[in-house]
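*Asks:* Input sequences plus hints: build the corresponding full structure.
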Amino acid sequence: MRCAPFIAAANRQNRLLFARQNISTDWSMIVSSDEKKFNCDGPDGFCNYWRDLRKEKLFFSKRNFSAGGVMVWAAICSTVRVKLLFVPKKINSAQYQFTLEHGLLRFWRRNSQRNLIFQQNNAPIHNQINELSAMMANSIRPFGEVQLQESLLSLPMEASGPFPQCGHWSAPNLLIVAGTSHIITKQQVPHFFRESVVGSSAAPLTIVLLDSWHGFRDHENLVSEVPAGNELKLMTILPGATSLYQPLDVYVFRLFKRFIRRFHEDVLHFRPDFNCFSRDNTLKVVSQTYRQFCAPAFRRCFAYAWVTAGYVDTHPGHFSTPADYVFDEVPVDTPCQEASGCSSLAFIRCCWCQRLLCFACFIECYHNC
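In my numbering, the protein residues as written are 2 to 370.
Hints are computed from structural coordinates only; laboratory data are not their basis. Careful: at least some of the hints might be erroneous.
Computed cross-link-like contacts, DSS-like style, restricted to lysine-lysine with a CA-CA straight-line distance of at most 25 angstroms [what the hints assert, rightly or not]:
(1) K37 / K91
(2) K84 / K56
(3) K187 / K234
*Replies:* As structure tokens, this is what we get:
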């Protein structure tokens, strides 16, 4: 390692000029930030350091193998340090912009009365944050509860495209569209927006937070079937940042997958003859799962998704996740409480009527209280 970083003559002059210009600057109002990658297998890229001449030189071994690492972002000022964030190891300008929104804007909201100055270096990704001031001016304020939409889009994959003549099982809370793939196509997007996004109970103004998928880029196509009297405001998450700052990706989808997984585990014990992966049975499970998620008991739970994504700071308060509420609070050897007088053992609690139900009453007979 070199004993000291090399500084060219021009850079020395620039440093001296900067020091003279800021000799009277109040540095207690400066917020500085930067990213740093830490390797898990040895040196972290430091090739020089400032050495005390009275001490021995430092020696570091070379890096023989690559074993991964982490990239962290941090910011600090004279009075407090901002929460440490883990960011992608190859971060682009879009991801950096959302990192600032996730970390720095929370600090800015709490200190909005102070005239703070944000300082960063001139890395390429730092020079493309042209929307940071707009984020500060239009940042989302805390709110109490979140309510899911009335219907969920379901895309069963059919080899021939349309459904067979025998039809399929349907439910009022599912918008079922068949296709050759389980991924929505650009042609199906307007129908989804008309039926699910701006349904019968939608407000006159609906704000939609989209990812950068190519099917959502054509905004004219998105709103082509929106009824008159409904207004859509479309906001797009920049490429590469969906997994970090989309509330559904960050939190809600994890709960949905956990609920389905827990349901399948219980089915193996209660009804091993039930085929969870046939088309109609899958639709029944998805429909009942989404119906439970729409219960008022979980509105605080889904409001927490906006906290984890960094859009609001205020915690919505104590809540239970859907899987914990419907499965873990069912007493052992409790008979089904369906009105029909079923005597089978209950395995789930309905989030709407609070009754304990068996598998046949809840799924096969489609309990709809």
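*Asks:* For each hint, tell me whether it holds in the structure or not.
*Replies:* Hints, verified against the model:
With a CA separation close to 11 angstroms, the supplied pair K37 and K91 stays within the 25 angstroms bound. Distance hint between K84 and K56 is unfulfilled; the C-alpha atoms sit about 35 angstroms from each other, more than 25 angstroms. At most 25 angstroms may separate the alpha-carbon atoms for a hinted pair to count; K187 and K234 meet this at roughly 19 angstroms.
The structure is inconsistent with hint 2 alone, although it conforms to all the rest.
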